[in-house]
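Using the sequences and the hints, build the whole thing.
Letter by letter, the chains look like this.
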Amino acid sequence: MEVLIQLAFIGLLLLVGLVFGRMAEKRHYRDIERREAELADLLVFNERTPPADRPIREATLVVGSVVIGEDYFKRMAAALKGLVGGRLTAYESLMDRGRREAILRMKEAARARGARSVFNVRFETASLSEAHVGARPMFSAEFIAYGTALID
Amino acid sequence: MSYENPQVRHEVNVSRESVLVEFLRLAIGVALAVLAAAAVLYVGGGALARFIPYSVEQGWVGDRVLAPVEAGPNAADAAAVEPYLQRLAGDLARHMDLPEGMHPVVHWSDAAAPNAFATLGGHVVVTRGLYTRMPSENALALVLAHELAHLRKRDPISAVGGSATLALALVLLGGDADQLVPHVAQAVQLGYSRRAERRADAAAVDAVIAEYGHAGGAASVFEVLTDYAEASQGAAPTLLSTHPSDEERIARLQRAALDWDPVRQPLRPLRVRVTSAEGRRSSLDRPRLKP
Amino acid sequence: MELSNLEVIPGRRVLRHLGLVQGSTVRSKHAGRDIMAGLKNIVGGELKGYTELLIEAREEAIARMVAQAQSVGANAVINVRFSTSNITSGAAEVMAYGTAVFAE
Numbered sequence: 001m002e003v004l005i006q007l008a009f010i011g012l013l014l015l016v017g018l019v020f021g022r023m024a025e026k027r028h029y030r031d032i033e034r035r036e037a038e039l040a041d042l043l044v045f046n047e048r049t050p051p052a053d054r055p056i057r058e059a060t061l062v063v064g065s066v067v068i069g070e071d072y073f074k075r076m077a078a079a080l081k082g083l084v085g086g087r088l089t090a091y092e093s094l095m096d097r098g099r100r101e102a103i104l105r106m107k108e109a110a111r112a113r114g115a116r117s118v119f120n121v122r123f124e125t126a127s128l129s130e131a132h133v134g135a136r137p138m139f140s141a142e143f144i145a146y147g148t149a150l151i152d
Numbered sequence: 153m154s155y156e157n158p159q160v161r162h163e164v165n166v167s168r169e170s171v172l173v174e175f176l177r178l179a180i181g182v183a184l185a186v187l188a189a190a191a192v193l194y195v196g197g198g199a200l201a202r203f204i205p206y207s208v209e210q211g212w213v214g215d216r217v218l219a220p221v222e223a224g225p226n227a228a229d230a231a232a233v234e235p236y237l238q239r240l241a242g243d244l245a246r247h248m249d250l251p252e253g254m255h256p257v258v259h260w261s262d263a264a265a266p267n268a269f270a271t272l273g274g275h276v277v278v279t280r281g282l283y284t285r286m287p288s289e290n291a292l293a294l295v296l297a298h299e300l301a302h303l304r305k306r307d308p309i310s311a312v313g314g315s316a317t318l319a320l321a322l323v324l325l326g327g328d329a330d331q332l333v334p335h336v337a338q339a340v341q342l343g344y345s346r347r348a349e350r351r352a353d354a355a356a357v358d359a360v361i362a363e364y365g366h367a368g369g370a371a372s373v374f375e376v377l378t379d380y381a382e383a384s385q386g387a388a389p390t391l392l393s394t395h396p397s398d399e400e401r402i403a404r405l406q407r408a409a410l411d412w413d414p415v416r417q418p419l420r421p422l423r424v425r426v427t428s429a430e431g432r433r434s435s436l437d438r439p440r441l442k443p
Numbered sequence: 444m445e446l447s448n449l450e451v452i453p454g455r456r457v458l459r460h461l462g463l464v465q466g467s468t469v470r471s472k473h474a475g476r477d478i479m480a481g482l483k484n485i486v487g488g489e490l491k492g493y494t495e496l497l498i499e500a501r502e503e504a505i506a507r508m509v510a511q512a513q514s515v516g517a518n519a520v521i522n523v524r525f526s527t528s529n530i531t532s533g534a535a536e537v538m539a540y541g542t543a544v545f546a547e
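Going down the list, the protein sequences come from chains U, D and S.
Using this note's numbering, the letters of the first sequence map in sequence onto residues 1 to 152.
Using this note's numbering, the letters of the second sequence map in sequence onto residues 153 to 443.
Using this note's numbering, the letters of the third sequence map in sequence onto residues 444 to 547.
Treat the hints with care, since some could be wrong.
[Claimed, not checked] The following label-pair restraints were derived from C-beta to C-beta distances: (1) U:E33 - S:G454: 32 to 40 angstroms; (2) S:E489 - D:E163: 29 to 37 angstroms; (3) U:E33 - D:A189: 42 to 50 angstroms; (4) U:E58 - D:L176: 48 to 56 angstroms; (5) S:I485 - D:I180: 33 to 41 angstroms; (6) D:L176 - S:E547: 46 to 54 angstroms; (7) S:N484 - D:R239: 56 to 64 angstroms.
Just so you know, these hints were derived from the structure itself, not from any lab.
We put the beta carbon where it would ideally sit given N, CA and C, even for glycine.
Structure below.
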């Protein structure tokens, strides 16, 4: 009997995670696409050498960072996939959103300084859940994008 | 040399395959695999359970198997009869070639219905209802020898069979098998196969003949039980459920006792008396001698 | 599609710089590999199962980065960098990123 109640509880969490998680994800993607369109004119490259012909007044480090966590459904999907192995599609969207959000925030910081391009863009991704102790902490990762904004 | 940022295709980094579909597929697959493994363990376990060493069976079961059996409020009767039952079982066991390390323990149960069973861990239980209806020690000996024969062939753990193997697997995987023991023990009481019963009957007759020199009085066990079944009108105890028919067993025992001479080989009375639930004395006063 | 982690492509002039491209993939190990690795951890040394897993992941990440580069009309990717991060549930994300260029 208790087993049934536990299963029902897990099922409920899964459903909430699935439904609301997807809604939140869609909303985030729409937001990302809107801002990407707005900031499309601010160029980013990961080359170290800025263009030689353009004069540069100022160069400053800009960083964009975000922490994104998983929902219950993603966690269960990962647990199941962990038995058979292979590509973990549930997390792909999470990582993609995180990265694009970090780049956007870096661009926004650069735009705020009046820059027109950012060079030597680098990424760092760090998973944070190691800090928790106990059974299966929820996964969350910090995404950082940083580069040098060129203001001319 | 131009610097530009054309729109990239972000979709390459996110697979198009639906996460939900894949999740359901995996969940169902895992569930089926677990069920299949459990089924294999259950069926295979039935066949292989008797190879679990007796010492393991004892250690795992301990005294918990007796939880469904109550000694009842008449502890004095238990204290009086159990040593007698134990001694009788010991005498019979000497003729039965029990495996190394198997020392059956006989217990008294206060239940009013006549019943006797052998269960896990080498425990045999005899009820008040059976004991007070036995017309002679020879009849009681047949019952005890029958249960000892079940123990000798590891029938309890085979009957439990698949459940035992599944429980063992759970324990190995770190689970807690303690709650399973009483359920498993009750499964044993649901009865053994007909083949096991016939085998136990034959072994019991041999043991009784070895002990007393004859098989007289043994058939009366089933006469007593048949009478009880008729009197209680269908509420027959478990003893009778999967067993071969009583007529068959009575006939076989009577054949075994063909050369019995009741005069030169008198039946022994029960050594210890006890008051039955209905207030009857042990049936020493009503000997039933059938040819 | 040429890949390089240099700033330039030796011998070829870059005509168009087409911006950042990234490819990433998340791969999970399976229970069998996990058990073998657990056993290997007793003696130490290379965990071949995981090495292979991450090699596959890296190759897929590079393939996705190349696909992104193709979608913007590049024929080379320079300044390629990798980043691997651990996802607690026994999975890892491998990302490859670089600048897509059109070289002569």
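Hints, one by one, checked against the model:
1. As the Cβ distance of U:E33 to S:G454 is approximately 39 angstroms, the hint placing it in 32 to 40 angstroms holds.
2. The beta-carbon spacing between S:E489 and D:E163, approximately 36 angstroms, falls within the hinted interval of 29 to 37 angstroms.
3. Restraint check, U:E33 to D:A189: a C-beta distance of roughly 47 angstroms satisfies the suggested window 42 to 50 angstroms.
4. Distance hint check: the CB atoms of U:E58 and D:L176 are about 55 angstroms apart, consistent with the given range 48 to 56 angstroms.
5. Checked against the hint of 33 to 41 angstroms, the pair S:I485 and D:I180 passes, with Cβ atoms roughly 36 angstroms apart.
6. At about 51 angstroms, the beta-carbon gap between D:L176 and S:E547 stays in the expected band of 46 to 54 angstroms.
7. For the pair S:N484 and D:R239, the supplied restraint of 56 to 64 angstroms holds, since their beta-carbon distance comes to about 59 angstroms.
Comparing the model with each earlier hint shows no violations; every hint is respected.
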